[in-house]
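Q: Chains as they are written, first to last, in my numbering: chain A, 1 to 395; chain B, 1 to 395.
Treat the hints as calculated values from the structure; they're not laboratory data.
Hints are supplied without guarantee of correctness; some may be wrong.
Each pair may be met inside one copy or between any two copies, as identical chains are not told apart.
Here are the simulated EDC-like cross-link-like pairs (lysine to aspartate or glutamate), alpha carbons at most 20 Å apart as the crow flies [said to hold, decoys possible]:
#	residue 1	residue 2
1	LYS6	GLU182
2	LYS325	ASP217
3	LYS29	ASP130
4	LYS90	ASP130
5	LYS211	GLU22
6	LYS87	GLU371
7	LYS29	ASP170
8	LYS113	ASP78
9	LYS6	GLU22
2 protein chains.
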Amino acid sequence: MISPFKFASIPQIIFGAGKRNELYNIIPKFGNEVLFVIGGSSLYQSGKWNEMTAMLENKAINFSSISISSEPSPRLIDDTVAKFRNKNLKLIVAIGGGSVIDAGKAVSAMLTKNESIKNYLEGVGNKIHDGKKIPYIAIPTTSGTGSEATKNAVITEVGPKGFKKSLRHDNLVPNMAIIDPELMISCPQSVSAACGMDAFTQLLESYISSKASLMTDALAFSGMKYLSENILLACSDGASDVNVRSGMAYGSLMSGITLANAGLGIVHGLASPIGGIFKIPHGVVCGTLLFEATKMNIEILQKLGSKGKLSLRKHAQIGALLSGKYQLEESKINEYCMKLIKTLEKWTNELEIDRLGKYGIEFKDVDKIVERAELKNNPANLSKENIKDIVLNRI
Amino acid sequence: MISPFKFASIPQIIFGAGKRNELYNIIPKFGNEVLFVIGGSSLYQSGKWNEMTAMLENKAINFSSISISSEPSPRLIDDTVAKFRNKNLKLIVAIGGGSVIDAGKAVSAMLTKNESIKNYLEGVGNKIHDGKKIPYIAIPTTSGTGSEATKNAVITEVGPKGFKKSLRHDNLVPNMAIIDPELMISCPQSVSAACGMDAFTQLLESYISSKASLMTDALAFSGMKYLSENILLACSDGASDVNVRSGMAYGSLMSGITLANAGLGIVHGLASPIGGIFKIPHGVVCGTLLFEATKMNIEILQKLGSKGKLSLRKHAQIGALLSGKYQLEESKINEYCMKLIKTLEKWTNELEIDRLGKYGIEFKDVDKIVERAELKNNPANLSKENIKDIVLNRI
Numbered sequence: 001m002i003s004p005f006k007f008a009s010i011p012q013i014i015f016g017a018g019k020r021n022e023l024y025n026i027i028p029k030f031g032n033e034v035l036f037v038i039g040g041s042s043l044y045q046s047g048k049w050n051e052m053t054a055m056l057e058n059k060a061i062n063f064s065s066i067s068i069s070s071e072p073s074p075r076l077i078d079d080t081v082a083k084f085r086n087k088n089l090k091l092i093v094a095i096g097g098g099s100v101i102d103a104g105k106a107v108s109a110m111l112t113k114n115e116s117i118k119n120y121l122e123g124v125g126n127k128i129h130d131g132k133k134i135p136y137i138a139i140p141t142t143s144g145t146g147s148e149a150t151k152n153a154v155i156t157e158v159g160p161k162g163f164k165k166s167l168r169h170d171n172l173v174p175n176m177a178i179i180d181p182e183l184m185i186s187c188p189q190s191v192s193a194a195c196g197m198d199a200f201t202q203l204l205e206s207y208i209s210s211k212a213s214l215m216t217d218a219l220a221f222s223g224m225k226y227l228s229e230n231i232l233l234a235c236s237d238g239a240s241d242v243n244v245r246s247g248m249a250y251g252s253l254m255s256g257i258t259l260a261n262a263g264l265g266i267v268h269g270l271a272s273p274i275g276g277i278f279k280i281p282h283g284v285v286c287g288t289l290l291f292e293a294t295k296m297n298i299e300i301l302q303k304l305g306s307k308g309k310l311s312l313r314k315h316a317q318i319g320a321l322l323s324g325k326y327q328l329e330e331s332k333i334n335e336y337c338m339k340l341i342k343t344l345e346k347w348t349n350e351l352e353i354d355r356l357g358k359y360g361i362e363f364k365d366v367d368k369i370v371e372r373a374e375l376k377n378n379p380a381n382l383s384k385e386n387i388k389d390i391v392l393n394r395i
Numbered sequence: 001m002i003s004p005f006k007f008a009s010i011p012q013i014i015f016g017a018g019k020r021n022e023l024y025n026i027i028p029k030f031g032n033e034v035l036f037v038i039g040g041s042s043l044y045q046s047g048k049w050n051e052m053t054a055m056l057e058n059k060a061i062n063f064s065s066i067s068i069s070s071e072p073s074p075r076l077i078d079d080t081v082a083k084f085r086n087k088n089l090k091l092i093v094a095i096g097g098g099s100v101i102d103a104g105k106a107v108s109a110m111l112t113k114n115e116s117i118k119n120y121l122e123g124v125g126n127k128i129h130d131g132k133k134i135p136y137i138a139i140p141t142t143s144g145t146g147s148e149a150t151k152n153a154v155i156t157e158v159g160p161k162g163f164k165k166s167l168r169h170d171n172l173v174p175n176m177a178i179i180d181p182e183l184m185i186s187c188p189q190s191v192s193a194a195c196g197m198d199a200f201t202q203l204l205e206s207y208i209s210s211k212a213s214l215m216t217d218a219l220a221f222s223g224m225k226y227l228s229e230n231i232l233l234a235c236s237d238g239a240s241d242v243n244v245r246s247g248m249a250y251g252s253l254m255s256g257i258t259l260a261n262a263g264l265g266i267v268h269g270l271a272s273p274i275g276g277i278f279k280i281p282h283g284v285v286c287g288t289l290l291f292e293a294t295k296m297n298i299e300i301l302q303k304l305g306s307k308g309k310l311s312l313r314k315h316a317q318i319g320a321l322l323s324g325k326y327q328l329e330e331s332k333i334n335e336y337c338m339k340l341i342k343t344l345e346k347w348t349n350e351l352e353i354d355r356l357g358k359y360g361i362e363f364k365d366v367d368k369i370v371e372r373a374e375l376k377n378n379p380a381n382l383s384k385e386n387i388k389d390i391v392l393n394r395i
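Chain A extracted, bound-state conformation (with noise of 0.2 Å):
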C-alpha cells in the first residue's frame, strides 16, 4: 500500500560547477534592481564576491548588498526590511551559508509587510505569512542546512527566552536554486563537518519520518549514497575538489527537498530549545546528536517488536547502504543497524564534532533543553528519559 502523500513545490534547480555564472543572464528576467544577502568572510576572501561584483557593474545591474555574519535574528530582519522597503527591489538574491540563505529568504518574505517578522513566526507571533514576497534566488556556499529548498526560514533569538522558531508558507520555497560546488571550496573544514552531518541529519530524519513518502523516500536516499561518499573527504584530502564537493552539495540539496516534504525527528527537536537557548552552531548541535538519537531510536524501536519492524527495516537499509549494499537482506536487519550506528559513530569522532560542553552547556541545563524538545516526526515515540539521555551523552 502506497501511503498518501503531500509534495510542494520545489524551486527551479541549477546544478554544477561554475552554475553561478547563469545568474547574469538570469537577474534581467526579475527586474534590474537587486538586493544581494551575502556571508560574513569566505566568499570576499576567495576572490569570488570581487569577480561577481566586476561581473555585475560590467552587465550594468543595479544591486546592494548587506553582509550577515551569524544566524539571522528578528532585529536583523527588522532592520534590513525598513532600510530597503522603498528601494523598489524586483530581486533578491542571498549567496552563503544556512544562515544567509534564511536571512534572504526572511527578508524577501518580510519586505511586503509593514510589521514585525515577530508577528509571523510560528509559536513567536499570531499572524500567519500569506506567501507574498519579492522573487527570491538562493545560492548556498555551504552542504548544510538545505534552506536552497525549503518554505521556511529560521529566525534567532538567543538568550533565556531564547527562540529558534520559523517563517513558513509553501509560496517561500525559492524561486530558483543554484548550487555551484566551486562556491564550497573555501568552506573551512570544522564546518563543513557541521554541516554534512546536519545534512546527513536531515535525510536520515526525513527518511524514517513518520510522515516520509516514496517520493522523499527516494530522493533521501539518494542524498544519503552521495553525501555519504564524501562527507570524511570533503574534511579532509578532497576539501578542494569538485567533485567531492558536488557529492555534498547534491546530499545537501536533497536534505532540502526531504525534509521540507517529509518533517524531521528527535535530532531537530532538541536542535530549537538548545540553539535558542545557547549560543552553538545549528550544524553542531545536529552532528553531535545524531549518532546517540540514531542510537536510542533504534533501541526503542528493536523493543517494539513486529510494531517497530517497518521503521527498523529503513534503518537497516541506510547500514546497507553504508555498506556498499543496496539489497536489505531480512537476516541482517539487526547487523545493518549497528553498522549504521558505529558509521554514525566514527563519522562523529573522525570529524572532529564539537560536544555540547564546549558551547557552556552544563548537566544542569538538560532537564530545561528536555522540557522544550519536540518529537517532530520521530519513528520512535521517545519518552523524556530517553530524550535526556541523548543529551547527557554529548555533554
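We have chain A; now place chain B onto it with these hints.
A: Just chain B, lined up with the frame of chain A:
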C-alpha cells in the same frame, strides 16, 4: 563526478485514495469561477462526475464544464478558448486521461492570448508562449502520460500533413496535481495496458536518457519499481484493487516528473510522426515499440564497447530491478539487459498491446515515419536503418 543538471518546478502534489475530495476546499483559494475539462465517458459511467457536481453545487461553486473525447486538436483548443475567454475564469480543473489533462493545460495557457494555439506550437508556429495562464489543477484518471506533472501540452492534427506538437513553457506545469487512484479503477483493461506501457516507456527513456540526472534517476527508479510490480495486475485480477492502481498512479506521476526534466528517447521520437500521420492512441504507439526499441538500443550499445558501458549498466540496473534485485553485479550486465528485454516482450504479449498494422499502418509507410523520427535524448545514436527495423518489427 555528478553531471550538471537543471530541474524545473513540479506541481504541488496531493496523492492518495479519495483525495479528489480535497478539491472543494482548494477551489475557493483560487476563486469561484471554474471551468472543468473532463473526459468522454468513464467519469460519467462510474457515477463520479455526478457525485462531484453535487458537491460543487452544495459548496456554491460556479462551474462550467466541457467534455473532450479525443486527443486535442488546435481547433478544439481555439474553439474552447473563444467560448470561455470573457467568462472571467479563476481556475481550470481537468479530470481525465492524458488528452484531457493536455487540453486543460492548453486552454489555461491560451485564455491569456488572443490568437490560435497554432502560432505557439513548437515546430508549427513562430511565437513563444510567455507562460502566463489561468491557474490549473490536473486530476488524472489514467496512469499513463504523467501530463499532470509536465510543462507541455501535446496538440494533435491528424492527416497527411498532420503533426503532434507541444505547447511548452516552464510555467505551464500545473499549479497542483491531485492523484486519486480511486479514479483509475474504472479505466478499461486495454487503456490501462497502453497507458501503463506509455508510463513505463517514459520512466525507462528518461532513466537511460543522455540528459538524465541523479534526481531524475532516483525518481524514475522508484517509479519503475512500483509500476513494474503492478502493471500486469492492473490489467487483470487487480484492476479494482486501489493498492494496485496506487502503484500505477505513482509510477505514472514519476514518469511525468522525470520526462519533463530528463527528456525521452527513440520511442517518443517515433510516437510524434506516427501519431501525427495516423489515428492511433499514443499509449499504443509507445507500448508496441518499447520492446523492439530497447532491444535495438542494447544491441547498439553492446557494439560500442567501453563507450556504451555506462548506458548498458543503466539498462542492466532495470533488468536487475525486474528480477527483484537492487544490487547490480558487474558480471551480470548482459544477463540483466536480457532480462529487461524479455520482460518488456512478455508485457507486450500478456497485455495484448496492438501492433501498428491494426491502425492501418503498412510497410510502405515506414520510410515516411522514419524520415520524420527524432532521436531525442536516446542513449544510442541509432541509424535510420536501426529505426526502420524497430518500426518494421511492429507492423
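Q: Each hint should be assessed against the structure and marked as holding or not.
A: Here is how each hint holds up against the structure:
Taking the closest pair of Cα atoms, LYS6 and GLU182 come within 20 Å of each other only across two copies (17 Å); inside a single copy the shortest separation is 33 Å, beyond that limit. In this assembly of identical chains, LYS325 and ASP217 lie within 20 Å of each other by CA distance both inside one copy and across copies; the values are 17 Å within and 18 Å between. Only between protomers do LYS29 and ASP130 lie at most 20 Å apart by alpha-carbon distance; the minimum there is 12 Å, versus 24 Å within a single protomer. For the homomeric pair LYS90 and ASP130, the shortest alpha-carbon distances inside one copy (19 Å) and between copies (19 Å) are both at most 20 Å.
In this assembly of identical chains, LYS211 and GLU22 lie within 20 Å of each other by CA distance solely across copies; the values are 19 Å between and 36 Å within a copy. For a Cα distance limit of 20 Å, the shortest separation of LYS87 from GLU371 qualifies neither inside one copy, at 44 Å, nor across copies, at 56 Å. Within a single copy, LYS29 and ASP170 get their C-alpha atoms only as close as 23 Å, which misses the 20 Å cut-off; across copies the closest is 14 Å, which meets it. In the homo-oligomer, the alpha carbons of LYS113 and ASP78 lie at most 20 Å apart inside one protomer (10 Å), although the nearest pairing across protomers, at 41 Å, exceeds that limit.
With identical chains, the CA atoms of LYS6 and GLU22 are at most 20 Å apart between copies only, with a shortest distance of 12 Å across copies and 32 Å within one.
Hint compliance for this structure: hint 6 is the single one not met.
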